[in-house]
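J.: Letter by letter, the chains look like this.
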Amino acid sequence: AKDNGSKLISVDPRFTRTSAKADIFAALRSGTDIAFIGGMINHILENNKYHEEYVRLYTNATFLVDPDFKLPGEADGVFSGYNPKTRTYDKSTWKFQTDAAGVVKKDPSMKNPNCVFQLLKKQYSRYTLEKVSEITGTPREDLVNVYDTYSSTGKPDRVGTIMYAMGWTQHTVGTQNIRAMAIAQLLLGNIGMAGGGVNALRGESNVQGSTDHCLLFHILPGYLKTPRASDTTLKDYNEKYTPTTKEPRSANWWGNYPKYSISLLKAFYGENATAMNDFGYSWLPKLDDGQNASWLMIFDQMFRGKFKGFFAWGQNPACSGANANKTRKALAKLDWMVNVNLFDSETGSFWKGPDMNAAEIQTEVFQLPCAASVEKEGSITNSGRWAQWRYKAAEPPGEAKPDAWMMNELYWRVRKLYEKDGGSFPEPVLNLDWNYGKKDEDGKVIEVDIHEVAKEINGYFLEDKEIKGTVYKKGTLVPSFAFLQDDGSTSSGNWLYCASYTEKGNMMARRSKDDPTGMGFYPEWSWCWPVNRRIIYNRASVDAYGNPWNPYKPVIKWTGEKWVGDVPDGGWPPLKNPDGSDNPKSMKAFIMKPSGVAHIFGPGLSDGPFPEHYEPLECPIQENPLSKQYNNPTIKLFYSDPNSAVPEDIFVSCDIRYPYVATTYRVSEHWQTGVMTRHMPWQLEMMPQIFIELSEELGAEKGIKNGDKVKVSSARGNLWAIAVVTKRFKPFKVAGSTIHQVGLPWCYGWEYPEDGSGGDSSNILTPTIGDANTMIPETKTFLVNIEKM
Amino acid sequence: MESNNKIKMWTPATTIMVLIMALGLVLIFYRLISGLGAVTNLNDRFPWGLWIGIDVLGGVAMAAGGFLVAGAVYILNMKKYKPIARAAILNAFFGYLLAATAITLDIGLPWNIWHPIVMWQIHSVMWVVAIHVVLYTSTLATESSPMFFEKFGMEKAARFIGKILIPVVLFGVLLSVLHQSSLGAVYLIATRKLSSFWYNSQIPTLFLLSAIMMGLSMVSFETILSDKFLNHKADPGILSGLARGTLIAAIVFFIAKIWFLAKGPGISAVFNGTMEANMYLLEMIVGVIGPIILLSMKTIRESMKSVFFVDILVISGVLLNRLNVSIFGVYRDQAATGFSYFPTWMEFVVTFAFISFAIVGFKVSVKYLNVFPEAKTEH
Amino acid sequence: MAKGVLIDLTRCIGCRGCQVACKEWNERSAMDTKLDGNFTNPKELNYATYKLIEYREREFYGKPAWDFVMHNCFHCNDPACASVCPVSALKKTEAGPVVYRFDRCIGCRYCMLACPFYIPKYEWHKAVPWVQKCTFCSERIENGVKPACIKACPTGTMFYGEREDVLSEARKRMSDSPGKYVDHIYGEKEAGGTSWMYISSVPFKELGFNMDIPAMELPDLTWKYISKIPAVIGVVLVAGGVSWAITRRNKNAGKEE
Ligand SMILES: Nc1nc2c(c(=O)[nH]1)N[C@H]1C(S)=C(S)[C@@H](COP(=O)(O)OP(=O)(O)OC[C@H]3O[C@@H](n4cnc5c(=O)[nH]c(N)nc54)[C@H](O)[C@@H]3O)O[C@H]1N2
Ligand SMILES: Nc1nc2c(c(=O)[nH]1)N[C@H]1C(S)=C(S)[C@@H](COP(=O)(O)OP(=O)(O)OC[C@H]3O[C@@H](n4cnc5c(=O)[nH]c(N)nc54)[C@H](O)[C@@H]3O)O[C@H]1N2
Ligand code: SF4
Ligand code: SF4
Ligand code: SF4
Ligand code: SF4
Ligand code: SF4
Ligand SMILES: [Mo]
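Here the protein sequences come in this chain order: A, B and C. Take 760 as the starting number for the first sequence in this note's numbering and just add one per residue. Take 17 as the starting number for the second sequence in this note's numbering and just add one per residue. Take 1250 as the starting number for the third sequence in this note's numbering and just add one per residue.
Simulated from the structure, these hints should not be mistaken for lab results. In this text the structure is predicted, and so the values were computed from the model without any measurement. Check each hint, because a few of them may be wrong.
Straight-line distance between alpha carbons at most 30 Å, and here's what the computed BS3-like set of lysine-lysine pairs gives [as the list claims (entries may be wrong)]: (1) Lys1067(A) x Lys1203(A); (2) Lys1272(A) x Lys1400(C); (3) Lys780(A) x Lys1473(C); (4) Lys1283(C) x Lys766(A); (5) Lys1321(A) x Lys780(A); (6) Lys1341(C) x Lys1283(C); (7) Lys1477(C) x Lys780(A); (8) Lys1341(C) x Lys1454(C); (9) Lys1227(A) x Lys1321(A); (10) Lys1232(A) x Lys1263(A); (11) Lys1454(C) x Lys780(A); (12) Lys1283(C) x Lys1464(A); (13) Lys1477(C) x Lys209(B); (14) Lys1470(A) x Lys1283(C); (15) Lys1461(A) x Lys1547(A); (16) Lys766(A) x Lys1454(C); (17) Lys1340(C) x Lys1473(C); (18) Lys1203(A) x Lys1175(A); (19) Lys321(B) x Lys24(B); (20) Lys1341(C) x Lys780(A); (21) Lys1179(A) x Lys1045(A); (22) Lys1492(A) x Lys1470(A); (23) Lys1292(C) x Lys1464(A); (24) Lys761(A) x Lys1400(C); (25) Lys761(A) x Lys1454(C); (26) Lys1395(C) x Lys209(B); (27) Lys279(B) x Lys1400(C); (28) Lys1151(A) x Lys1395(C); (29) Lys1092(A) x Lys1227(A).
Sample of chain C residues facing chain A (criterion: CB under 8 Å; computed from the structure) [said to hold, decoys possible]: (30) Gly1263; (31) Glu1308; (32) Thr1342.
Just so it is clear, CB atoms sit at the ideal spot from N, CA and C, and this is done for glycine as well.
Given these sequences and hints, build the entire structure.
T.: Rendered as structure tokens:
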């Protein structure tokens, strides 16, 4: 893209390899992105750089908010409705004003002081250049430079895209970091556009796919909700999670929720799922109301002895988990652990690790060697939501088996046990549908055929069905999720992937390099959810008449009777007829939102409808320069209640013993915790040892020279690292004082290289604290001290 | 068997040298089985070290005496030097044996040493040198063969050689002129690498000139030694003659050096205190300026003692020149990259072993062969 | 038709994919390295490292700058290394690569002395040592595939093609974005021209390139000498012969009296 004259901006606490190629580099103190972006929103609004028509058409900027709603500026840094005891919000004031019909009141002029637009202005008017620079430590001129450059994309025919990953997410305000940028992008009209969007660069090659297929505790495949204990019946469940809307011309796509949930149940339990038995809804595992079962919680519970067993399936928590010492101790509390991996790891051999007393550890560890990605067939889904089919390139070595093989065995043996000894609640297992290949005489799948799995994910017609005149035969694959039913006549393991494997064949295996639009969509290269739409919300890339905002890079275009270009977000005609009158047949662009428009005011999140800057849990300054509220008010504190607190969870803030801000990150030479790369001599040759990057100024202050071995310690633990004293880190001027920041990679571990020359995981330092919404650990900002060894 | 029993075989010096040779032999074996890295301090930035610098470059220069005297006696017919002709040639022969073996050991794949003979690469100075060394060593063998033939009473053979001796010598002269200079030419490629104190378009000529100085001094040096230890009366006429030769060569060499110094880094540069400058100064004072001053005095030329001293100056001077070209002249660039080179004790021992071999070999020959014919027929 | 490569340093992100790909394809072992505060590792090309990315930090108007500099054999058009090799174990091929034929090598290491870029490296630790350097993946080229490093590069830093096309591509990039690059194609003239050439937005001197390489084909330096040899032979023989004849005559003349 740079070849076509576009500018690359890198915003990072340190100067990275990416920064080296960027046109603009701006350094900021870890954990202050909301301030940084807040300042940009302010800049955009103050200087009228926003794309007004887009904002009016496609966002809720015009909506009127409850007059009792209060902004942090008016309420000591918290929004209205905060309850310090429960550390939660009563969101009753976070709602829109509605008329008698229940339709949200709007002010198209966006002048009404209660309209979202004005509230936004008010909220970010506090984020002045001075303030922002005081918080982030970013020099003013750098801020201005970034703001000017980026907000220039507010013009209809200009566009900017955001690529973010862990620098934003791994914070107590991670979700709001991204919300902030989403708001900026909406103001600039950069969502739905070619070369626009807020793009998470998903990490592990298939992390997108695994999330789509419910990697996380709170969702079922296709982002359906995990039922809670109180959702006793399927009816309750569907009603609770099926949004309704009074908004005219809102497609409210989630209105189809029951079709997807019931098709999913049919995929799970097949014949056994009938209307009579709620399609087996009662067999689904349920979360307690209010229960959070995310990573940190799991290991906290494990640490407290609440777990008997644990499958470390393709992960290395002993190194990757925040507060690694706690995690490692937690593993020692288990009765048994199964480590499914290509190699042994610090997790698999945790009991041999540093300050572990093997004699006292009772955990029985099973190691299951597994086939690597190239040794088995299947699909991976990338950040662009492309599900791409991959073929098997080689036989697994030795005893290694594909994960699916293990799951099949596991399922079969567990099933046999239930059949033999009954046991409490055998139904979920016994009723499972498991048709993944040829079965032997007593019904066991001999070898999992991954295509069968893929087809089940797409879904079948379970009986002959006539839809819009055409009859779809029983047993045929469903052409797309528009055909899924809530009467049990269809199955789909993941509605989003419905259309990925149809009667036409395996769409994910397509490899055509044709690019008819010249826009780089490559519609027949692999397959993209939903329904092969390459740019979602693409109906926001056109004006009310269906003409592209950016005529040079049209995503879709209304010809008068149909859309051409990418697969549109629904085929409805544009909002307005050529004569300027509203077109009743039209639907708003943001079809997944009940309101049909994008949320600038987002009541959904736990910590506020607008992002607000709060300091990280471990922060070097006395108080939040912006307000009286120090940290994110709704984060779950592990180290608060004295009678449940454990020393492992200790944290500090503004503490002279740990004066330096630290962050952690990756290196291109290693993969994650390094289990796959620390065994590679070539990778180790390039990045042999854990290091800590620090500024020349700090180096001088501490008498640390390049290559020195230094001891890095946090409130929770310490490790050694090789000093990289560099111009690429500079001290920050924050709230009048000088703040030093350092950074370490987290790709090393005690087990390999055997001689320990690599060092250990920097997660030994990181705190047990998570984002208020997602609970992703705040491994990007914490406090440390460094000493020359 | 008949030998010159005035020469005592097992003097302490000889014993020591033989021991060094023994140790050297062991090390050579070690080098062959475990590689250059194990024995030398050579590295990627210093591919050539002591063995090339002294044994090869030095050794060959030392042996220049052979062709000079041979040429003088058999071609220019300067009878005066006949008495030392055989000695000079024999000595050269040992010098080349030494150089040849040194190269063989220094190259990584000694068993391929013969490749250049069949795999021609006329663009390569190294190839030119290789071929010459092979040819010239055999030439020298031929030149010195009569001694052996006589020894073992093979008059026929001896006489035959005698007949063809002159063309053979002429051939030898030719080869020497060529490869003495070729050794210098080897460094022509090292432009910008070799310090301009030594690098210039005429290194070959300079090598030839310095070789002539070295060769003459070497001959007179040996003659005097033989006089002392191998009871062969040295003829003062010969010595002063050689000295004059050295002087002339030295003067020409000096002028050339200054000329290129001026053309290159500039005269003043020698005083800039850098390692290169100092080495250059040392080389010039010891090996060129000093000798010139001294030898220009008749009294000194006439006195065996002082001539002997000057010989030593010239020899070490030229050796130093070879080391400068091969090591010190390229040092700084390399050192900048964090590499450095100082020979291991093993490299030194092997070098000494070679020199010892040359000396002892010569001594033995003198004892058993008729190296100084006239010396015998006299009195 | 000799292949060439244009290394556009402005594109390199320093990921070192090429460095590993090279080792993988050429089955080069890994060194036992340590970290010393700079990420360049190993520190220099060596017998097991044909390609190396060097990391160099600078300050530029008060802001940090980080340069990634690629190192491997330039594959000179008229390579010093090959010209000095007494057995032409090193050889410039039609296709562009300067290849090494271990079965000819005698191990004199003259190539190491000759190469102006210090490229050939030696297996000092071995009893049967070979010279090692980038092969330009000649065997891949022969089979019509790109060199391994170029295939691996995610940014297209290395533009591969016929040397002429590579040169024109370099000029094109320079004219297409004026002011982006310094006006110098390193390798176009250096050492009489090389197959691998660089363009950069940072002056090559600041990137540690040797700016002292003469723009001539280095083998000429020695060839000037070698080509004179026949003449010398003639002169010496004649001179020798004549002088011998003269002295001979004098002798005989003496006899007559
Ligand atoms: N080679 C290699 N590639 C990988 C991975 C790997 O392990 N190795 N991992 C994959 C995975 S799973 C993921 S999730 C992605 C992660 O991809 P990234 O998120 O790019 O990886 P990180 O290096 O963890 O963090 C990125 C940057 O965030 C910066 N940073 C730290 N704190 C802050 C902050 O407060 N604000 C801002 N703006 N920046 C901050 C760090 O300095 C670092 O440079 O990478 C994927 N790709
Ligand atoms: N301090 C700090 N901590 C972090 C982060 C950070 O930025 N800073 N990043 C976080 C992020 S974004 C992530 S994604 C996590 C990653 O945390 P983990 O996923 O625990 O770390 P990995 O090393 O990726 O573990 C994956 C394991 O799967 C194995 N594996 C590879 N292929 C297969 C396969 O086909 N089957 C099976 N069964 N196993 C396989 C690999 O050998 C490897 O051991 O780390 C998190 N931890
Ligand atoms: S760079 Fe050196 S090694 Fe490579 S071809 Fe040129 S001279 Fe030979
Ligand atoms: S070391 Fe081998 S390749 Fe190099 S010059 Fe000598 S013979 Fe040729
Ligand atoms: S061309 Fe081949 S040998 Fe040369 S660096 Fe690239 S991969 Fe290595
Ligand atoms: S692979 Fe390409 S981008 Fe990466 S270091 Fe090598 S040349 Fe640079
Ligand atoms: S950066 Fe590396 S891992 Fe990521 S997609 Fe490119 S090649 Fe693959
Ligand atoms: Mo990740």
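J.: Each hint: holds or not?
T.: How the hints compare with the structure:
1. A C-alpha spacing of about 28 Å is found between Lys1067(A) and Lys1203(A), which places the hinted pair at or below 30 Å, so the restraint holds.
2. Restraint check for Lys1272(A) and Lys1400(C): the C-alpha separation of about 19 Å stays at or below 30 Å, so the hint holds.
3. Between Lys780(A) and Lys1473(C) the CA atoms are separated by roughly 46 Å; this puts the pair beyond 30 Å, and the hint is violated.
4. As the CA atoms of Lys1283(C) and Lys766(A) are separated by approximately 37 Å, the hinted pair breaks the 30 Å bound.
5. The hinted pair formed by Lys1321(A) and Lys780(A) fails the criterion: a straight-line CA distance of about 42 Å is larger than 30 Å.
6. Among the hinted pairs, Lys1341(C) with Lys1283(C) is inconsistent with the structure: their alpha-carbon atoms are about 36 Å apart, more than 30 Å.
7. Of the pairs offered as hints, the one joining Lys1477(C) and Lys780(A) is violated, with about 53 Å between alpha carbons and a cut-off of 30 Å exceeded.
8. For the given pair, Lys1341(C) sits about 28 Å from Lys1454(C) by alpha-carbon distance, which is consistent with the 30 Å threshold.
9. With a CA separation close to 20 Å, the supplied pair Lys1227(A) and Lys1321(A) stays within the 30 Å bound.
10. Of the pairs offered as hints, the one joining Lys1232(A) and Lys1263(A) holds, with about 14 Å between alpha carbons and a cut-off of 30 Å not exceeded.
11. In summary, the hint linking Lys1454(C) to Lys780(A) is supported, as the alpha carbons are separated by about 20 Å, within the 30 Å threshold.
12. Under the criterion of a C-alpha separation no larger than 30 Å, the hint pairing Lys1283(C) with Lys1464(A) is consistent with the structure, at around 15 Å.
13. For the hint linking Lys1477(C) to Lys209(B), the alpha-carbon distance of about 24 Å falls within 30 Å, and the restraint holds.
14. Pair hint Lys1470(A) plus Lys1283(C) holds up; C-alpha atoms about 17 Å apart against a cutoff of 30 Å.
15. Of the pairs offered as hints, the one joining Lys1461(A) and Lys1547(A) holds, with about 8 Å between alpha carbons and a cut-off of 30 Å not exceeded.
16. At roughly 27 Å between alpha-carbon atoms, Lys766(A) and Lys1454(C) fall within 30 Å of each other, so this suggested pair holds.
17. For the hint pairing Lys1340(C) with Lys1473(C), the CA-to-CA distance comes to about 20 Å; that is within 30 Å, so the pair holds.
18. The hinted pair formed by Lys1203(A) and Lys1175(A) meets the criterion: a straight-line CA distance of about 10 Å does not exceed 30 Å.
19. Distance check on the hinted pair: Lys321(B) and Lys24(B) sit about 23 Å apart at the alpha-carbon level, within 30 Å; holds.
20. For the hint linking Lys1341(C) to Lys780(A), the alpha-carbon distance of about 36 Å lies beyond 30 Å, and the restraint is violated.
21. For the suggested pair Lys1179(A) and Lys1045(A), the alpha carbons sit about 26 Å apart, so the restraint of at most 30 Å is met.
22. In summary, the hint linking Lys1492(A) to Lys1470(A) is supported, as the alpha carbons are separated by about 25 Å, within the 30 Å threshold.
23. The suggested pairing of Lys1292(C) with Lys1464(A) holds, with an alpha-carbon distance near 18 Å, which does not exceed 30 Å.
24. This hinted pair checks out: Lys761(A) and Lys1400(C) have alpha carbons roughly 21 Å apart, not beyond 30 Å.
25. Note on Lys761(A) and Lys1454(C): the hinted pairing holds, with a Cα-Cα distance of about 25 Å set against a maximum of 30 Å.
26. Among the hinted pairs, Lys1395(C) with Lys209(B) is inconsistent with the structure: their alpha-carbon atoms are about 33 Å apart, more than 30 Å.
27. This hinted pair does not check out: Lys279(B) and Lys1400(C) have alpha carbons roughly 49 Å apart, beyond 30 Å.
28. For the given pair, Lys1151(A) sits about 25 Å from Lys1395(C) by alpha-carbon distance, which is consistent with the 30 Å threshold.
29. Distance check on the hinted pair: Lys1092(A) and Lys1227(A) sit about 58 Å apart at the alpha-carbon level, beyond 30 Å; violated.
30. The interface hint given for Gly1263(C) is met, as the beta carbon of that residue sits about 5 Å from the closest beta carbon of chain A, less than 8 Å.
31. Because the beta carbon of Glu1308(C) sits about 6 Å from the nearest beta carbon in chain A, less than 8 Å, this interface hint is met.
32. Interface restraint check: Thr1342(C) against chain A, minimum CB-CB distance 28 Å, threshold 8 Å, status violated.
Checked against the numbered hints listed earlier, the structure breaks hints 3, 4, 5, 6, 7, 20, 26, 27, 29, 32; every other hint is satisfied.
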